[in-house]
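K.L.:
So the chains spell out like this:
2 protein chains.
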Amino acid sequence: MNKNPNILVTNDDGIFAPGIYALWEAMNEIGQITVAAPDSEKSAVGHAITITDPIRVQEVSGKNGYNGFAVKGTPADCVKLACSALMESTPDIVVSGINSGANMGNDVIYSGTVSAATEGTLLGIPSVAFSLTSVRGGELTGAQAVAKNIVQKVLEYGLPKGVLLNVNVPNITYDKIKGIKVTKLGNRVFKDSFEKREDPRGKYYYWMSGEHSEDNEDGTDGVAVNDGFVSITPVHHRLTEHEYIETLNTWNF
Amino acid sequence: MNKNPNILVTNDDGIFAPGIYALWEAMNEIGQITVAAPDSEKSAVGHAITITDPIRVQEVSGKNGYNGFAVKGTPADCVKLACSALMESTPDIVVSGINSGANMGNDVIYSGTVSAATEGTLLGIPSVAFSLTSVRGGELTGAQAVAKNIVQKVLEYGLPKGVLLNVNVPNITYDKIKGIKVTKLGNRVFKDSFEKREDPRGKYYYWMSGEHSEDNEDGTDGVAVNDGFVSITPVHHRLTEHEYIETLNTWNF
Numbered sequence: 001m002n003k004n005p006n007i008l009v010t011n012d013d014g015i016f017a018p019g020i021y022a023l024w025e026a027m028n029e030i031g032q033i034t035v036a037a038p039d040s041e042k043s044a045v046g047h048a049i050t051i052t053d054p055i056r057v058q059e060v061s062g063k064n065g066y067n068g069f070a071v072k073g074t075p076a077d078c079v080k081l082a083c084s085a086l087m088e089s090t091p092d093i094v095v096s097g098i099n100s101g102a103n104m105g106n107d108v109i110y111s112g113t114v115s116a117a118t119e120g121t122l123l124g125i126p127s128v129a130f131s132l133t134s135v136r137g138g139e140l141t142g143a144q145a146v147a148k149n150i151v152q153k154v155l156e157y158g159l160p161k162g163v164l165l166n167v168n169v170p171n172i173t174y175d176k177i178k179g180i181k182v183t184k185l186g187n188r189v190f191k192d193s194f195e196k197r198e199d200p201r202g203k204y205y206y207w208m209s210g211e212h213s214e215d216n217e218d219g220t221d222g223v224a225v226n227d228g229f230v231s232i233t234p235v236h237h238r239l240t241e242h243e244y245i246e247t248l249n250t251w252n253f
Numbered sequence: 001m002n003k004n005p006n007i008l009v010t011n012d013d014g015i016f017a018p019g020i021y022a023l024w025e026a027m028n029e030i031g032q033i034t035v036a037a038p039d040s041e042k043s044a045v046g047h048a049i050t051i052t053d054p055i056r057v058q059e060v061s062g063k064n065g066y067n068g069f070a071v072k073g074t075p076a077d078c079v080k081l082a083c084s085a086l087m088e089s090t091p092d093i094v095v096s097g098i099n100s101g102a103n104m105g106n107d108v109i110y111s112g113t114v115s116a117a118t119e120g121t122l123l124g125i126p127s128v129a130f131s132l133t134s135v136r137g138g139e140l141t142g143a144q145a146v147a148k149n150i151v152q153k154v155l156e157y158g159l160p161k162g163v164l165l166n167v168n169v170p171n172i173t174y175d176k177i178k179g180i181k182v183t184k185l186g187n188r189v190f191k192d193s194f195e196k197r198e199d200p201r202g203k204y205y206y207w208m209s210g211e212h213s214e215d216n217e218d219g220t221d222g223v224a225v226n227d228g229f230v231s232i233t234p235v236h237h238r239l240t241e242h243e244y245i246e247t248l249n250t251w252n253f
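Chains as they are written, first to last, in my numbering: chain A, 1 to 253; chain B, 1 to 253.
No lab work stands behind these hints: they were computed from the structure. The C-beta atom is built at its ideal place from N, Cα and C for all residues, glycine as well. Among the hints, erroneous ones may be present.
With a Cα cut of at most 27 Å, we get these calculated DSS-like pairs of lysine-lysine [unchecked claim]:
(1) A:Lys191 - B:Lys203
(2) A:Lys203 - B:Lys161
(3) B:Lys203 - A:Lys63
(4) B:Lys181 - B:Lys148
(5) A:Lys203 - B:Lys181
(6) B:Lys203 - B:Lys191
(7) B:Lys63 - A:Lys72
(8) A:Lys148 - A:Lys196
Part of the chain A face toward chain B, derived, beta carbon under 7 Å [as the list claims (entries may be wrong)]:
(9) Phe16
(10) Gly31
(11) Gln32
(12) Ile33
(13) Ser134
(14) Ala145
(15) Ile172
(16) Tyr174
(17) Phe190
(18) Glu241
(19) Tyr244
(20) Leu248
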């Protein structure tokens with residue numbers, strides 16, 4: 001293991017979110033850090049990238065020496081830009097989070113936090129996404145210890161090409177966490193509903209709302225986290241459904 | 001096959017793009033259409049959804065009876081909103097495109113066009129994304145005929161749960177198209193580069209640029225389209241890397 005690895009830290013909650021500061025603190029004990037993160041909250045932007053607008057970058061700093069690049073773009077933009085233009089060399093690992101709110105089951109498709117890790121993986125860099133199951137504040141110290149543990153393991157063992165780790169941490173104190181479970185993405189889905197409202201000028205708009213379903217299948221991220229474990233799910237983006245190619249070939253287009 | 005299916009038409013180039021009008025024309029020959037598409041271009045937004053802003057919707061119309069919902073949101077928003085709130089019943093199929101520009105290989109991760117189809121699939125609706133390998137204008141009549149053919153087949157045979165069809169059409173006249181090939185997503189990737197510029201006030205910004213690599217592996221979408229064929233790739237979003245779970249379990253966290 002590289003004694004002083006280059007670590008790219010990013011997130012989707014914005015560069016001044018408590019979660020990324022906590023992740024920076026934890027990673028400081030492992031290696032050299034570059035922070036490149038959106039200048040404002042970019043939750044649920046999925047794998048959006050900015051191709052039709054210029055991307056502004058500002059160097060910012062905070063308490064205890066925290067500093068980084070605030071990027072007017074998405075998490076995937078941050079990773080691309082950091083690896084291509086902001087960092088002197090390719091990072092040894094991309095670490096994203098600690099997200100405010102779980103990213104389990106289908107969430108990973110919408111998650112900016114996970115997409116940053118996906119982008120790292122597409123660039124050939126081992127990448128990990130961390131999320132905490134609390135949408136406000138939360139027990140970041142437990143997630144910090146978990147992040148340090150897992151990132152050290154990834155730096156030691158590496159990851160196969162195309163595979164990222166999606167980590168979810170229950171929002172409980174570190175001593176209450178029961179352990180780490182390697183899981184699969186669960187069946188937890190977000191059930192949409194839309195609330196229609198009228199603005200003061202008589203025009204309509206909608207708010208997306210809804211709620212997550214419960215996960216109840218053994219071996220899933222949702223069940224592990226509900227039971228007080230950290231879930232680690234290996235994720236890949238090989239999207240071709242090979243099994244269906246033969247059937248499609250019988251369609252006689 | 002339903003004699004008068006409900007078809008949801010969307011895209012990522014915006015509701016007044018030539019490609020969606022062409023798709024609407026082609027689908028008009030098959031069933032009842034609802035158009036719900038972004039009010040402006042949303043290319044490369046991936047699977048972004050709008051959760052922190054209200055979503056405005058305006059009914060718009062164009063030539064020859066073309067009409068639909070212009071949504072201030074992403075392609076995935078359009079599908080969610082149409083299926084949950086704008087349409088009277090769930091559509092029989094979601095059709096996205098015709099995109100201005102190919103969506104092959106890794107493009108599908110960034111593509112708003114494909115993400116609209118992904119969202120349809122997540123909602124349990126058979127979904128197809130169409131892209132034309134031309135970034136301006138192009139031979140839309142060929143793509144129209146292709147779209148009509150494929151959508152009729154999907155309505156007849158259905159698609160397995162979770163599988164969408166990603167269709168790319170070469171930008172040549174219909175009589176020059178050599179046929180349809182069922183393919184896998186290729187190795188074509190976009191190689192990023194960023195151009196740094198200084199604005200008139202001395203501040204820096206970046207433009208994302210770069211270019212696609214060539215695909216040269218047999219059986220891929222890129223090779224089929226380069227050879228003058230339409231490519232149809234079945235795509236799923238089961239993202240768990242099951243093969244790696246056993247290895248991760250040996251990591252002794």
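K.L.:
All the hints need checking, so say for each whether the structure fits it.
P.N.:
Quick rundown of the hints versus the structure:
| no. | hint | result |
| --- | --- | --- |
| 1 | A:Lys191 - B:Lys203 | 43 Å, violated |
| 2 | A:Lys203 - B:Lys161 | 38 Å, violated |
| 3 | B:Lys203 - A:Lys63 | 25 Å, holds |
| 4 | B:Lys181 - B:Lys148 | 16 Å, holds |
| 5 | A:Lys203 - B:Lys181 | 47 Å, violated |
| 6 | B:Lys203 - B:Lys191 | 26 Å, holds |
| 7 | B:Lys63 - A:Lys72 | 38 Å, violated |
| 8 | A:Lys148 - A:Lys196 | 44 Å, violated |
| 9 | Phe16 | 16 Å, violated |
| 10 | Gly31 | 19 Å, violated |
| 11 | Gln32 | 22 Å, violated |
| 12 | Ile33 | 21 Å, violated |
| 13 | Ser134 | 17 Å, violated |
| 14 | Ala145 | 11 Å, violated |
| 15 | Ile172 | 17 Å, violated |
| 16 | Tyr174 | 14 Å, violated |
| 17 | Phe190 | 9 Å, violated |
| 18 | Glu241 | 4 Å, holds |
| 19 | Tyr244 | 4 Å, holds |
| 20 | Leu248 | 4 Å, holds |
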